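Start from chain A and add chain B according to the hints.
Protein chains: 2
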Amino acid sequence: MDEIKVINKFLTKLAYDKSSLDLKDDVFFNKKNNLVISTDTYVEGVHFIDFKKPKLVIKKILRSSISDLFCKGVKPKYYFISAAGNKLLFKKNILKKITNSLKEEQRKYNIILAGGDTVFSKKITITITSVGFAKKIIYRKKSLINDDIYVSGNLGDSFVGLSILKKKQNTKDNNYFISKYYKPDLPHNILSCLNYYASSSIDISDGLLIDLDRLIDRKKVSFILYLDLVPISKKLKSLLSSKKLKKINFVSKGDDYQILFTSPKKFRNQINKFSKDNRIRITRIGKILNHKSKSKIIDETSKEILAKNKGYLHEF
Amino acid sequence: MDEIKVINKFLTKLAYDKSSLDLKDDVFFNKKNNLVISTDTYVEGVHFIDFKKPKLVIKKILRSSISDLFCKGVKPKYYFISAAGNKLLFKKNILKKITNSLKEEQRKYNIILAGGDTVFSKKITITITSVGFAKKIIYRKKSLINDDIYVSGNLGDSFVGLSILKKKQNTKDNNYFISKYYKPDLPHNILSCLNYYASSSIDISDGLLIDLDRLIDRKKVSFILYLDLVPISKKLKSLLSSKKLKKINFVSKGDDYQILFTSPKKFRNQINKFSKDNRIRITRIGKILNHKSKSKIIDETSKEILAKNKGYLHEF
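Protein chains in written order, with our numbering: chain A, 1 to 316; chain B, 1 to 316.
Extracted from the complex, chain A is given alone in its bound form:
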């Protein structure tokens, strides 16, 4: 059983307080106490290749955790680390590296270590719990027909980085791509934009299409997405053209940690202005349609792409 089935079939019935959002959003949100919490577990060999680069691995998993709050329009304030690890993790010089790396993250994102736990285990498994305070959050599944679909930053760089690390790809910009994999640029300055204009939002951890499918309520709406508009970096553009690779095979592979959100058409000008004023790339890439339409992706030649492949999207 995959995670979603496990949650739907068993755990949801235990989560009958509405703060848990039926375990179907990125976070727990307790309105009465303005409390927002997200918790994620990362396993060696599954979520990160190994622990040979502790400074980078710890940055990646911390960013992936606080990303859940950012994408809901919430500033993370505290984080907890629970680390199960072997002697490799608890060596002095490794701990020093991790501490310094976390210190850099704390400065960059203005967050503070609040607690945690360290235990011994053969495989390294790390759980990060992020905590923030907010009067409201942006939910999933609240987009309306005719809303625009936006995404922050660029997509695909992180996947190229991972492919390089796995020796499945080689480029002239290896270091650039690897750095995007380990240190995704969280769009943390986008929060007020989300809070003013977004009707729904999610962070892209598993892939543009999978996460877009999670963002919308399929019973009520569908989407049209223009592949041509999906933002990628100059370096990825140059890689695609030099090796004649297809864009669709790169922009929906996950690990991007950019924010995907919807917003009513009337806010287009404001979002454009916000993007320019704050120098954050925010790109309109599609539109929400009624549920009678089939969700579709339009490729560069105006053809519809059948996106049944699970790598692209669960199912339409």
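Errors might be hidden in some of the hints.
The list makes no distinction among identical chains, and a pair is therefore deemed to hold if it is satisfied within one copy or across any two copies.
List time: in silico DSSO-like cross-link candidates among lysine-lysine, alpha-carbon distance up to 27 Å [what the hints assert, rightly or not]:
hint, residue 1, residue 2
1, K142, K18
2, K92, K18
3, K136, K75
4, K75, K31
5, K123, K166
6, K123, K91
7, K108, K9
8, K97, K167
9, K246, K55
10, K167, K265
11, K92, K13
12, K246, K287
13, K122, K9
14, K13, K91
15, K96, K18
16, K135, K75
17, K266, K136
18, K55, K122
19, K92, K9
20, K75, K18
21, K5, K97
22, K108, K75
23, K234, K122
24, K13, K55
25, K103, K13
26, K24, K91
27, K59, K122
28, K13, K87
29, K52, K123
Hints listed in this document are in silico derivations from the structure and should not be mistaken for laboratory results.
Quick caveat, the model's predicted, so the values are computed rather than measured.
Chain B in isolation, oriented as in the chain A frame:
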């Protein structure tokens, strides 16, 4: 390096917000938001023997987590589960057992699942984060000279249970002891007693003497503890006498999840009354002395026990 060294040397400098209590108490307490959080990780083969009894294992680790809040005088309200596990964990019938077991715990302690994460991993590693709301908590290290030392419930049963599971012990009451290991009786009705009368408190997870040492501020105070007064069950008493075993080798082995607390002498009558009115065993077992005295344990024959053995206590 052990956990305490890791925390002191590296992590404390990252936790400069006072809510983290310097990572030296059982919980995170954010006064401004009345927020109390505890997070703990449990590893197969380390914190629980194996996962052959999922219903019991999940009860034990959940209770061990919420115990951190109870012992601070705080009612847990929500819990998060992050589970890394193999196919054994994510089988339908196992998940059903876990769900039913959690449902029982939710009813017993009036708590609700709030979120979590499930990921694949060879070894089973589970992190539980417990959340409660409170205007104040009972801290460690706030006991004063002449305070009494109290403990709730009985000690030692859980250790016998673990020894039986490890085939190192065999008794006529095996089921009783094993049940105390898996399902420690959390003294959840003691909260108002703690909030009215306790000057400091901790839950006994690692062992009476180790946790007593953590409870006090060794620079300011010491303790005297009367072994004779340490409460044990009738079944443990009968085991000790029939096999001629020493009490000291059973009551400080941990996994008890009873609450150890200190209180000024003037509250003795009130605590006695609370204990009777609420039918909770609360036993006075010692006293806080000034730091010039050496901490000591007095055995049944009024002799001082040298408790240098790490199994009893780190060091005096």
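Now the hints, each set against the structure:
1. Taking the shortest alpha-carbon separations for K142 and K18, only the intra-copy value of 16 Å comes in at or below 27 Å, while the best inter-copy value is 38 Å.
2. When the C-alpha separation of K92 and K18 is checked against a cutoff of 27 Å, the pair qualifies only between copies, where the shortest distance is 26 Å, while the shortest distance within a copy is 43 Å.
3. For the homomeric pair K136 and K75, the shortest alpha-carbon distances inside one copy (11 Å) and between copies (25 Å) are both at most 27 Å.
4. In this assembly of identical chains, K75 and K31 lie within 27 Å of each other by CA distance both inside one copy and across copies; the values are 15 Å within and 19 Å between.
5. Taking identical chains as interchangeable, the C-alpha atoms of K123 and K166 lie at most 27 Å apart whether they share a chain (20 Å) or sit on different chains (24 Å).
6. Taking identical chains as interchangeable, the C-alpha atoms of K123 and K91 lie at most 27 Å apart whether they share a chain (15 Å) or sit on different chains (22 Å).
7. Taking the closest pair of Cα atoms, K108 and K9 come within 27 Å of each other only across two copies (23 Å); inside a single copy the shortest separation is 39 Å, beyond that limit.
8. In this assembly of identical chains, K97 and K167 lie within 27 Å of each other by CA distance solely inside one copy; the values are 26 Å within and 42 Å between copies.
9. In this homomeric assembly, K246 and K55 never come within 27 Å of each other (Cα to Cα): the closest approach is 33 Å inside a single copy and 49 Å across copies.
10. Taking identical chains as interchangeable, the C-alpha atoms of K167 and K265 are never at most 27 Å apart, the minima being 43 Å within one chain and 69 Å between chains.
11. For a Cα distance limit of 27 Å, the shortest separation of K92 from K13 across copies, 15 Å, qualifies, whereas the shortest one inside one copy, 44 Å, does not.
12. Taking CA atoms no more than 27 Å apart as the test, K246 paired with K287 passes inside one copy only; the shortest distance there is 23 Å, against 75 Å between copies.
13. In this assembly of identical chains, the alpha carbons of K122 and K9 lie at most 27 Å apart only when taken from different copies (23 Å versus 31 Å within one copy).
14. Taking the shortest Cα distances, K13 and K91 sit within 27 Å of each other only across copies (18 Å), while inside one copy they are farther apart (42 Å).
15. Taking CA atoms no more than 27 Å apart as the test, K96 paired with K18 passes between copies only; the shortest distance there is 22 Å, against 41 Å inside one copy.
16. Within a single copy, K135 and K75 get their C-alpha atoms as close as 11 Å, and across copies as close as 23 Å, so both meet the 27 Å cut-off.
17. Proximity of K266 to K136 under the C-alpha cut-off of 27 Å is restricted to the intra-copy arrangement: shortest distance 22 Å within a copy versus 47 Å between copies.
18. Taking the shortest Cα distances, K55 and K122 sit within 27 Å of each other both inside one copy (20 Å) and across copies (24 Å).
19. In this assembly of identical chains, the alpha carbons of K92 and K9 lie at most 27 Å apart only when taken from different copies (9 Å versus 44 Å within one copy).
20. Both within a single protomer and between protomers do K75 and K18 lie at most 27 Å apart by alpha-carbon distance, with minima of 21 Å and 19 Å respectively.
21. Proximity of K5 and K97 under a CA criterion of 27 Å is satisfied inter-copy only: 16 Å between copies versus 38 Å inside one chain copy.
22. In this homomeric assembly, K108 and K75 come within 27 Å of each other (Cα to Cα) only inside a single copy, at 12 Å, whereas the closest approach across copies is 35 Å.
23. With identical chains, the CA atoms of K234 and K122 are never at most 27 Å apart, being 41 Å at best within one copy and 40 Å at best between copies.
24. In this assembly of identical chains, the alpha carbons of K13 and K55 lie at most 27 Å apart only when taken from different copies (17 Å versus 39 Å within one copy).
25. Taking the shortest Cα distances, K103 and K13 sit within 27 Å of each other only across copies (9 Å), while inside one copy they are farther apart (39 Å).
26. In this homomeric assembly, K24 and K91 come within 27 Å of each other (Cα to Cα) only across copies, at 21 Å, whereas the closest approach inside a single copy is 38 Å.
27. For the homomeric pair K59 and K122, the shortest alpha-carbon distances inside one copy (22 Å) and between copies (24 Å) are both at most 27 Å.
28. Within a single copy, K13 and K87 get their C-alpha atoms only as close as 39 Å, which misses the 27 Å cut-off; across copies the closest is 22 Å, which meets it.
29. For the identical chains of this complex, K52 and K123 are neighbours both inside a copy (13 Å) and across copies (20 Å), given an alpha-carbon limit of 27 Å.
Of the hints listed earlier, those the structure fails to meet are numbers 9, 10, 23, in rising order.
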